[in-house]
Structure formats: structure tokens, C-alpha cells
Amino acid sequence: MTEYAYIIALLPALSFVLIVFFLRFKEFLAAGFSIAMIVIGWILSIVVLAETLGRGGEAYEGFFHITSFASLNFEFGILVDPLTAMMLIVVTTVASCVQIYSIGYMKGDPRFSRFFAYLSLFCFSMLGLVLANNFFMIFIFWELVGLTSYLLIGFWFEKKVAADAGKKAFITTRIGDLGFIIGLLMIATYTGTFNYGEVFSRVAGGAIPAGALTVALVFLFGGAIGKSAQFPLHVWLPDAMEGPTPVSALIHAATMVVAGVYLVARAMPIFSGSAEASLVVATIGIITSLLAASIGLVQNDIKRVLAYSTVSQLGYMIMALGLYGHDTALGHHSPGYYAGTFHLMTHAFFKGLLFLGAGSVIHAVHTNDIQEMGGLAPKMKTTALTFMIASLSIAGIFPFAGFWSKDEIVAAASYHPVFLVLTLAVAFMTAFYMWRLCFLTFFGKPRDQHRFDHAHESPRVMTWPLVFLAVLSVVAGWVGLPWLSQGFASFVFHGEAYHPHANWLLMAISTVVAVAGIGLAWLIYYKKKISADRLAERFRPIYTLLYNKYYFDELYDLIIVRPVLAFATFMWSFDNWVIDGLVNGIAKLTILWSDLKLWFDTWIVDGAVNGAGWIVQQGSALLRFVQAGAVQFYALFLLVAMVLLALVKFEVVMVTVDWPVLSVIMLAGIALLVLVSRTAHRAGPAEATADTGSVGVEKEE
Amino acid sequence: MEHLILPLVIFFPSIGALLLLLVPERQADTIRGVSLIVSFVTMLLSFAVYYWFDPVASGMQFELNQLWIASVGINFHLGIDGISLLLIVLTTILTVLCILSSWRSVTKGVKGFHISMLVLATGMIGVFCALDLFLFYIFWEVMLIPMYFIIGIWGGPRKIYAAIKFVLFTMIGSLLMLVALIYIYFEFHSLTGEYSFDLLQIMSMQVPYQAQLWLFAAFALAFAIKVPLFPFHTWLPDAHVEAPTAGSVILAGVLLKMGTYGFIRICMPLFPEATIAYLPYICILSIIAIIYGALVSMVQKDIKSLVAFSSVSHMGFVMLGLFALNQNGVEGSVMQMINHGVSTGALFLLVGMIYERRHTRMIADFGGLAKVMPAFSVFFMIVTLSSIGLPLTNGFVGEFLILLGAFKANVVYGIVAASGVILAACYMLWMYQRVVFGKVTNAQNEKLSDLSPREKLILVPIVVLIFWIGIYPKPFFERIEPAVKDVLTKINGARLSSADDGQDAAQMFIDESKEISTVVIDEGVTADE
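Chains as they are written, first to last, in my numbering: chain A, 1 to 701; chain B, 1 to 529.
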């Protein structure tokens with residue numbers, strides 16, 4: 001079967017295609033087919049697990065399609081090793097439960113078939129992600145789970161908050177994915193391959209310089225930060241609770257969000273090559289864990305408490321893996337790898353159960369606010385019981401599953417005092433907020449009588465998955481009992497198998513811490529010995545800070561969203577005014593220049609031509625009078641000229657004859673002539689004759 | 001038949017246009033029908049070219065070389081390689097879709113519109129086939145005129161401004177190109193004693209370095225305006241927004257590719273040394289375009305101008321891939337030219353469809369369309385996802401290869417460019433959400449009709465292409481590969497020789513000769529063959 005493990009992923013793909021194209025309006029068939037496919041996948045996963053166990057945990061790698069283009073060789077394949085086998089079980093188990101549960105939860109929804117189509121698409125992507133044998137494929141499926149998460153968070157897209165949350169989830173995780181793809185491309189550029197095994201062996205062979213490796217790994221871890229909602233990109237997960245609750249259980253608690261953890265675990269051979277990068281991983285993990293757990297203490301939305309709890313638990317796993325990488329890089333033994341992956345599995349079961357339980361409660365009372373619930377236990381026995389089992393498990397109470405896995409995480413942190421203290425603090429907070437939730441929801445007096453009266457236990461199709469997961473929330477941890485010689489630790493491991501040993505002291509400490517957390521919750525919310533309100537009043541600043549989730553959303557809005565939008569707006573006006581302005585300005589200048597030329601053409605060029613003509617015309621008009629045809633005038637001019645010349649000639653008048661003088665004289669002469677002849681002309685022909693007569697008389701004298 | 005297929009594909013639309021002249025203006029449906037049939041047959045012809053095209057052979061195929069104006073050495077020289085092949089097929093497909101999409105939206109001047117569309121098709125296909133620089137120039141200009149009419153006559157309120165801006169910008173570029181062309185022509189004569197505009201002959205000529213720098217600049221400016229590369233993009237939003245749907249689709253889908261096609265067909269092989277010299281500047285402008293276009297998109301209020309600015313960003317990716325100058329980058333960017341044509345073309349078609357219903361393109365006027373137009377919303381979602389490069393859609397294939405190529409060329413370029421991917425998700429999803437999700441707030445949206453069969457018919461081939469390229473792009477890459485290899489061989493030769501000269505600029509690129517091999521990446525394939 002292992003060679004055909006990809007069928008497990010293809011089954012939901014088949015149901016997706018079938019629902020989209022043929023079963024859109026056949027709700028019952030759509031759901032039935034989708035569930036059948038995933039349940040078959042679950043059975044096959046068990047077979048694969050058994051075979052992997054039978055091989056003694058040896059990895060199987062199969063290439064099923066080889067092609068090459070764009071000078072890349074694409075050798076898609078599957079890798080089935082214990083980690084994959086474990087993940088297959090986790091994904092198909094929770095997915096089966098969630099899909100069955102959804103029949104009840106989504107009943108009557110106008111987009112019922114579409115919901116199952118999306119769920120199938122998600123299962124395909126998630127299973128593909130788990131089965132991939134190289135970084136390229138995991139990236140593709142990584143993006144696809146992101147897409148389905150986007151579609152499912154915004155499933156009720158009529159609600160603006162839901163659509164907003166979907167977009168926020170997609171974009172926030174994409175910021176992480178930017179890191180992922182940068183890290184991925186760096187690794188690929190250095191090692192020349194995407195294949196896990198080859199990358200690992202080439203990195204071990206020193207293909208990447210140490211500094212570059214650390215940088216590449218931190219970038220790669222960016223992907224995990226986004227997908228697994230780690231600080232500082234954790235803000236999308238609580239908002240993602242706007243999606244239908246089964247989606248929250250499957251995608252945002254049990255499977256997709258652990259993809260980041262899976263990525264770190266998968267890439268452990270290279271993470272364990274860089275102590276610095278691993279320390280970054282561990283630090284981010286514990287910061288996230290602490291941050292989220294503290295926020296979870298004071299939230300009132302049942303799903304948001306669980307969401308912060310998820311973030312916190314994911315931080316746990318990431319921290320364990322980071323510490324493992326760090327210790328291994330420095331040559332120490334550490335249970336971290338086993339702890340992280342083990343907790344991943346148990347957490348998937350009990351957190352999936354918690355969400356489905358919360359969904360059942362919400363289904364009954366139609367509110368998410370725990371302040372409006374209370375006293376529901378007698379009305380919803382199965383839900384309450386299974387919810388409490390899961391709460392005990394997550395709190396880490398013996399012998400529930402969470403006890404064993406959380407214990408290993410504490411053990412992994414025990415080599416680092418700071419981490420140990422913080423881990424225990426988180427454990428305390430976890431126990432407290434989970435039981436605060438339990439007491440407020442299921443015990444005490446109903447705080448909203450109307451809602452309480454209408455509450456009812458969910459139908460069997462919803463409670464059975466709860467029971468099934470409740471069983472797993474207890475027994476799933478038993479595969480990792482420290483006394484087993486062939487337990488979880490000797491199955492899923494990196495490098496050498498880790499042999500856990502029962503550390504009684506740590507067990508005792510963590511149990512005490514967990515019981516203390518539950519006890520405090522009991523005192524406050526069940527016994528009411530301590531007033532929650534007064535506590536909140538006493539620590540008002542801290543309470544406000546926690547209640548507002550450390551103001552991360554506001555902060556990001558202030559330092560990222562607004563500046564980016566402002567910058568974009570600035571760029572837009574830059575485009576409008578500067579670049580476009582420049583172009584339009586040039587156009588305007590050109591038009592202005594053309595106008596100038598038009599003016600020049602009209603007045604100067606044309607003016608010169610016309611002016612020349614005008615001058616000639618005017619000149620001629622004037623000169624015309626000189627030659628009016630009166631002979632007396634001609635004689636007079638002649639006389640004057642002769643007199644003048646004579647005067648000059650006989651030096652009566654001392655004139656140096658040169659051109660300027662001569663021309664002045666000529667012009668003066670002409671002007672005189674014109675003047676005279678004009679006057680004569682004006683006087684009219686008759687007078688002119690008389691004049692000429694008189695002149696003639698003079699002349700004769 | 002095979003050697004005449006190219007002129008047939010080129011001129012068939014024009015013959016159709018002549019035919020349309022005979023149809024009286026008032027028989028609008030006949031005109032549309034004839035135009036559709038002509039464009040459809042052209043598409044089938046281009047499919048035939050695709051079918052007959054030998055994916056393995058390198059060099060030009062279906063070559064046709066006829067003396068045209070013998071006295072000055074101008075030849076009617078046609079031929080295609082894998083790059084032109086894909087662009088031709090894209091052109092003919094988009095033309096059919098455009099004519100279908102204009103069925104209801106173009107009601108005045110139907111005859112003129114369809115004649116313009118068909119002549120435009122001739123021009124576009126011609127550019128992709130021409131192997132003679134003079135011929136190339138002629139087709140280049142032939143494209144311009146019908147597009148001018150399409151924007152100027154059938155456009156929106158500011159159509160005259162947009163049309164003139166578009167023409168002036170393009171003319172500035174083509175003028176410089178013409179000057180450079182003539183310079184090369186005489187340069188070739190002085191070297192060989194022959195007069196020729198033949199691209200393949202000129203390609204074998206070694207242009208002096210100084211001349212290369214000038215010639216590259218002249219051609220590059222012409223092409224950069226077309227791409228458009230920042231800061232020459234400002235004609236684009238106006239032209240895209242004002243043009244009718246078909247005009248926008250052709251502009252974004254094909255005309256922008258003329259620029260990048262010019263770079264890879266003319267600038268790079270003709271002036272390899274200059275390519276390397278200008279490389280940093282072009283890369284930086286491309287990266288600015290990626291980020292700048294995305295940021296400006298984000299604050300657009302009009303869907304169409306949002307898509308227009310996103311083109312600036314996407315074409316920045318294409319340019320960056322081209323100038324990564326390695327097999328991954330260049331092939332990715334040729335693929336991305338096609339992808340952008342498909343996805344952005346589809347976005348314009350979709351915007352056109354809601355515009356026809358509501359006569360507005362403002363994002364704020366919509367909201368909640370998923371409820372009233374479910375089929376539209378699904379198509380819109382698929383195209384949006386393709387535009388933001390989600391795996392299994394075409395956008396991812398191109399973008400990933402471009403980023404890979406960029407990383408090999410220069411890690412910093414790669415990182416900055418990669419951040420453009422996030423911005424793309426921001427503006428596209430935000431727009432999608434505001435248009436499609438939420439409640440129907442505007443009463444006018446309540447009675448919108450969902451897509452008609454004709455509209456679905458337009459969108460289905462696009463969706464098929466989106467997933468085909470996204471899931472199995474091998475047939476396309478197979479055909480691109482030899483062509484890209486030819487160009488890169490040319491460049492690498494220049495790189496080595498300039499490295500010998502001790503030029504630092506080329507030095508950094510030598511390092512990337514490191515091969516990436518097996519399982520997914522293998523540059524080795526190139527080296528082995």
C-alpha cells in the first residue's frame with residue numbers, strides 16, 4: 001500500500017471534482033461521497049502506518065511522475081516515513097470526524113455541498129503536503145491549504161468580519177510564505193535540489209556556508225511562523241474563528257496550523273545544523289506560547305479562547321523542536337523532536353475535540369460568549385463530558401494523552417532553565433483558562449435563562465465524533481508511555497532514536513502546576529471564593545492589556561497597514577502629479593511653444609514678408625507724387641540741385657562729401673520733394689496748375 | 001502549405017476586414033458574425049502552426065524569405081520560434097474572445113470597430129513573425145492605428161486624451177527605433193558591403209560596443225514604453241481605462257508583450273554587450289515597477305485602473321525574469337508573458353461584463369455580487385487567484401521561475417521582487433472582497449443577471465488555459481526552450497568575452513553558472529544537451 005499512498009490524497013481530490021461538477025445540488029450525495037473518500041483514506045492510512053511499522057520505520061520514497069521543462073527536472077514523489085505515517089493518521093482521523101460532524105452542524109446551510117467540496121479540497125492539499133518528498137511540492141500544497149483556509153474562513157462571506165478574517169489570514173500567512181519561498185530558493189540555489197533527502201545530505205556535506213544556512217533557515221521558518229500562527233504573525237488565527245466551527249476544528253486546530261510544526265520537524269536535519277537558527281525557532285515558540293496563553297486567560301469568546309490555546313500549544317511544539325535542533329547542533333541529547341511531534345498528534349485529537357465540543361455548545365445556545373452560558377452540563381451530557389476529558393488532557397492530567405506529550409515538552413525544556421520556567425508558567429495558564437472555560441460553560445447557574453431554556457444536546461451525528469475523539473484524547477498518549485520499549489519515540493525520531501525515561505520529578509512538578517491551575521479556576525469560577533471581577537479590577541492595566549490581546553491588531557494597523565496605505569496613496573499622487581504631470585506638462589509646454597511659433601509666424605515671419613511689401617507699397621505711394629508729371633517741378637528740382645552742387649563745387653559751403661552726409665542729403669531731398677509734391681497734390685489739380693504757374697513765373701525771373 | 005501558413009495567418013484577418021467593407025453598416029449582426037468567423041479561422045490556423053511546429057528544432061521555422069524592395073535590400077522575411085509561436089496563439093485566441101465580448105457592448109460603428117480589430121490582429125501577428133527589421137517596423141506601426149481608433153472612438157469619457165497619449169508615447173519610441181534601424185542598416189553595409197534589414201543576418205554582425213550602447217538605448221526606450229517599464233508607464237492606465245473592453249484586453253494581453261518581445265527578439269541578441277551593461281538599471285527599474293505598480297493598484301477606486309496598474313507590476317516581473325539572463329528566468333518570463341495575457345485579459349473581460357450591467361467600475365458601487373452572480377464570482381475568483389500566482393494556476397509557474405532566475409542572478413533582486421507577491425495578494429483579494437463578498441448594499445446590484453451562455457463561453461477557455469498552464473506547462477516550455485537557449489548562448493558569449501576584458505559588471509553573473517540539478521530543478525539539462 002505504501003507505494004500507493006498518494007491515493008490517500010487523491011481520494012478527496014476526486015470527491016472535490018465530483019461535487020463541483022456533478023453533485024452541487026445533491027447535498028446528501030455530496031456529503032456522503034466526501035465522507036466516504038476520507039474514511040477510505042483513513043483506513044488506507046492505517047494500512048500505511050502498519051506497513052511503516054512493519055518496515056521498522058524505514059522511509060519509503062517513490063517517484064511517480066518525472067518530467068522536465070524550463071530546464072528544471074520535476075520529479076514529483078512521495079515520502080512515507082514514520083513522521084508522514086503519523087501525520088496521515090492525524091489528518092484523516094480528524095478530517096473524518098469533522099466531516100461526519102459537519103452533516104449535523106452545517107445542516108440547512110444554503111451552500112452545504114460547497115462546504116464539503118472545500119473540505120475535500122483541503123484534505124487533498126493537506127495530505128499532499130504531508131506526502132510530498134520535496135520542498136517544491138510542499139510549497140505548492142502549502143499555498144493550497146492556505147487557499148482552502150481562506151475560502152473556508154470566509155465561507156459565510158455575507159458577514160464582513162468573516163470576509164475580512166479570510167483575507168487577513170491569507171495575507172498574513174503569505175507574509176510568512178514570503179520567508180518560506182526566500183529560504184526555499186536560497187537552499188535550492190546553494191544545493192541545486194529541492195528533494196528533502198538530497199538537500200539534507202548536501203547541506204550536511206557543507207553545500208551552504210554556515211552563515212547563509214542560518215539566514216536561509218530563519219527565512220524558511222518564516223513559513224512556519226505564518227502558517228502555525230507564531231508571534232509576530234499569530235494575529236490571523238483568532239480572527240479565523242469567524243469560519244464555521246468544524247473548519248476551526250479541522251484546519252485551525254488540528255491540521256493546517258500544524259503544517260509549520262511539520263515543516264520544522266521535516267527540515268530538522270538542516271535545522272539541527274544551525275544552533276542559532278534553532279534557538280530563534282525555540283525562542284519564537286516560547287514567546288508565542290506565553291503570549292497566547294496569557295491572552296487566553298481573559299477572553300470571553302469560547303472559540304477565541306480555544307484559538308489562543310491553539311496558538312499557545314503550537315508555540316510549545318515549535319519550542320520543543322527548536323530546542324532539539326539547538327541541543328543536537330551542540331551535540332547534546334534532547335527529547336525535543338519526539339516531544340514536539342508527539343504533542344502535535346495528541347493535540348490534534350484533544351484540540352479537535354475541544355472545537356467540535358465548542359461547536360456543539362454554540363449550536364445549542366447560539367452564542368460564542370461564555371458569559372451568556374453556564375450550567376449546560378446536565379442538558380448536554382455527552383458534550384460536557386467529552387469537553388472535560390479534552391480539557392483534562394490539554395491541562396496535562398494523568399493519564400490523559402496530553403499528560404504524556406506535555407511532559408516530554410517540559411522534559412525538553414528542562415535543560416534550559418529559562419525555557420523550563422516559562423514552559424511551566426504556560427502549563428499553569430493552560431490549565432487555568434481551559435477550566436475557566438469548562439466551569440463557565442457547563443457549571444454554575446445559567447447566566448442567560450432564555451438561551452439555557454433552548455439549549456439541547458446535539459444530534460448523534462455530532463456527538464459520536466466527539467466520543468471517538470474523546471477516546472483518542474485519552475489513549476493516544478499511551479503510545480508514548482516512557483516505559484514502552486517500542487513506543488512513539490522509537491518510531492518518529494530524527495538521527496538516533498531517543499529513549500525516554502520516566503522523570504518522576506518533572507512529572508510531579510508539571511502535575512502540581514496543572515492541578516494548581518485547575519484549582520484556581522475552580523476557586524474563582526466554581527466556588528466563587530475569589531471574585532473574578534475584583535481580580536480584574538485589582539490588575540486593571542494587565543487585564544486591559546490582555547483583554548485587548550496586547551493591542552497587536554491596533555499596533556499592526558498603526559505601523560504597517562496605515563503607513564503602507566499612506567505610502568501607496570502618496571505613490572498614487574506621485575504618479576498623478578509628478579509622472580503624469582511631467583508628461584502633461586511637456587504636452588502643455590509643447591502647445592505653448594506651438595502658440596509661440598504661431599505668434600512668431602503670424603507677426604514676425606509673416607510680418608516681415610508683409611512688412612516688406614507694405615514698405616514698398618507705402619514707399620511707392622509716396623514717391624508716386626514726385627513723378628506726378630508736372631514738368632515745372634522737374635525743372636525746379638533740377639535748379640535746386642544745380643544750385644546746391646554749385647555751392648559745394650565752388651566751396652561756398654564747406655561740406656566734406658562722404659556717404660552718410662550724402663545719403664542724409666538725398667533723403668532730406670527726397671523727403672522735401674515728397675512733402676512739396678504732396679502738398680501740391682493735395683491742393684488739387686487746379687491750384688496745382690496755379691502753383692505751377694506761379695513757380696513758373698518765379699523760375700522765369 | 002506549411003511555408004505559406006505564416007502569411008496566411010497574418011493576412012487572413014485583413015482579408016476578412018476587406019470582406020467586411022462589403023457588408024452594409026446596418027447589418028450589425030452579419031458584421032459581427034463575419035468578424036467572429038474570420039477571427040475563429042485565424043485561430044484555427046494558428047493552432048495548425050502550433051501543431052506543425054517542431055518543438056525540438058532550434059532556430060526559425062516556417063521561414064519565408066522573399067525579395068520585396070530589392071533596391072534597398074528589404075525582404076519579406078517571416079519565421080517563428082517557440083516564443084513567437086506562443087504569442088501568436090495567444091493573440092488569435094484573445095482576438096476571438098474580444099470579438100465575442102464586444103457582441104453587445106459595441107453598438108455604434110460596428111463595422112469600423114470590427115475592421116479595426118481585424119487589422120490590429122494582422123499587425124500583431126505580423127510583428128511576432130517578422131524577421132526583417134523593416135517589416136517589423138511596418139507591422140509595429142500598423143498596430144498603432146487601429147488601436148488609436150479603438151480607444152479614440154469606442155472608448156470612455158476621456159478617450160481622446162487617452163488615445164492621443166497612447167499614440168504619442170508609442171510614436172516617440174518608434175521614432176527612436178526607426179533611427180536606430182537605419183543606423184544599423186548602414187552599419188551593416190559598412191561591414192559587409194551589403195544593404196540588408198534582415199534580422200538573422202544582422203544578428204551575426206558584431207556591432208561595436210559604443211554603437212551598441214546607443215542602439216540598445218534607442219530600441220530599449222521604444223520597447224520600455226510598450227512594456228511599460230517604470231517611469232514610462234503613464235500612458236497605460238489612461239489607455240486601459242478609457243479603451244473599450246476589447247481594446248483593454250488586446251492592449252494588456254498582446255500589445256504590452258510587444259515590448260518584452262522586442263527586448264528578447266532584438267535588443268538582447270543584437271546588442272549582447274550593451275544588454276549586460278544596462279542590466280542593473282533595467283533590473284532596478286523592473287523592481288521599482290513591481291513594487292510601485294502594486295502599491296498604486298492598492299489605492300485605486302476603479303477596478304479597471306487597479307487592473308491596469310497591476311499590469312505594471314506584473315510586467316515588471318517579466319522584465320526582471322528576462323534580465324536575470326538565465327534559463328529559468330527567461331523561460332519563466334516568456335511563460336509569464338502568456339500568463340499575463342490570459343489572466344489580465346480575463347480580468348478586463350470580467351470587469352467589462354459587470355460594467356455592461358451596471359455602467360460603473362467603481363469598487364465602492366459593488367459588494368455582495370457572490371449572492372446575485374454566483375457563476376461570475378467563481379470565474380472571478382479563479383482569475384484573481386491566477387493573477388496572484390497561486391500554485392496550480394498559470395501565474396505561479398511563471399512567477400516561480402522568474403523568482404528562481406532572479407535569485408540565481410542576484411539574491412537581493414530576488415528578495416525584493418518576491419515581496420511583490422504579497423502586495424499582489426493584498427490588492428487583488430481586497431478588491432475581490434469589496435466587489436464580491438459581503439451583503440448586497442447597493443439596491444441596483446440586487447437584480448443583476450448572472451453570466452449569459454455567451455459570457456461563459458468567453459471565460460471557459462481562459463479557465464482551461466489557467467489550469468492547463470498551471471498544472472502541465474511542459475508543452476509550452478518545450479517550445480520556448482530552444483529559442484531561449486539561442487538568445488542566452490549569444491549573451492553568454494558576450495559575457496565571457498567581456499569577462500576577459502576584465503569588466504566587473506559581468507563578473508557577478510559568472511558565478512551562477514553553478515548547476516542546479518535533479519528533483520525539480522535542473523539546470524544540468526541545459527548543459528547536457
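Heads up, some of the hints might be wrong.
[Claimed, not checked] Distance condition first, Cα-Cα at most 35 Å in a straight line; then the derived DSBU-like pairs of lysine-lysine:
1. Lys-485(B) / Lys-159(A)
2. Lys-588(A) / Lys-485(B)
3. Lys-649(A) / Lys-528(A)
4. Lys-456(B) / Lys-26(A)
5. Lys-379(A) / Lys-529(A)
6. Lys-107(A) / Lys-381(A)
7. Lys-26(A) / Lys-301(B)
8. Lys-107(A) / Lys-108(B)
9. Lys-474(B) / Lys-485(B)
10. Lys-381(A) / Lys-527(A)
11. Lys-474(B) / Lys-160(A)
[What the hints assert, rightly or not] Pairwise CB distance ranges, derived in the manner of DEER restraints:
12. Leu-558(A) / Asp-450(B): 40 to 46 Å
13. Phe-22(A) / Ile-471(B): 49 to 55 Å
14. Gly-62(A) / Gln-206(B): 47 to 53 Å
15. Lys-474(B) / Gly-585(A): 34 to 40 Å
16. Lys-474(B) / Tyr-547(A): 52 to 58 Å
17. Ile-160(B) / Pro-110(A): 47 to 53 Å
18. Val-464(B) / Ser-485(A): 34 to 40 Å
19. Val-372(B) / Phe-25(A): 55 to 61 Å
20. Leu-18(B) / Phe-22(A): 44 to 50 Å
Rather than coming from a laboratory, the hints here were simulated on the basis of the structure.
All C-beta atoms, glycine included, are put in the ideal place defined by N, C-alpha and C.
Point to revise | Distance restraint evaluation - Lys-474(B), Tyr-547(A), Cβ atoms, bounds 52 to 58 Å | key: Holds, at about 55 Å.
Review point. Is the hinted pair Lys-379(A) and Lys-529(A) satisfied, with a Cα-Cα distance of at most 35 Å?
Key: holds (26 Å)
Check your understanding: CA of Lys-381(A) to CA of Lys-527(A), is that 35 Å or under?
Key -> It holds: about 21 Å lies between the C-alpha atoms, which stays within 35 Å.
Check your understanding: Is the hinted pair Lys-649(A) and Lys-528(A) satisfied, with a Cα-Cα distance of at most 35 Å?
Key -> Violated, at roughly 143 Å.
Review point. Honestly, do Ile-160(B) and Pro-110(A) meet the 47 to 53 Å range at C-beta?
Key: holds (48 Å)
Point to revise | Given pair status - Lys-108(B), Lys-107(A), alpha carbons within 35 Å | key: Answer violated: Lys-107(A) to Lys-108(B) is near 52 Å, above 35 Å.
**Study point:** Holds or violated: Lys-474(B) to Lys-160(A), with C-alpha atoms at most 35 Å apart
**Key:** Outside the cut-off at roughly 41 Å; violated.
Review point. Quick one: are Val-464(B) and Ser-485(A) within 34 to 40 Å, going by C-beta?
Key: violated (57 Å)
Practice item. Verify the proposed pairing of Lys-456(B) with Lys-26(A), using a straight-line Cα cut of 35 Å. Key: Judged against 35 Å, a Cα distance of about 23 Å means the pair holds.
Practice item. Take a quick look at whether Lys-588(A) and Lys-485(B) sit within 35 Å of each other, Cα to Cα. Key: violated (46 Å)
Point to revise | Ile-471(B) and Phe-22(A) - C-beta distance against the hinted 49 to 55 Å | key: About 21 Å separates the Cβ atoms of Phe-22(A) and Ile-471(B), which means 49 to 55 Å is violated.
Check your understanding: Are the Cα atoms of Lys-485(B) and Lys-159(A) separated by 35 Å or less?
Key -> violated (52 Å)
Taken one by one, the earlier hints fail for this structure at numbers 1, 2, 3, 7, 8, 11, 13, 15, 18 and 19, listed in ascending order.
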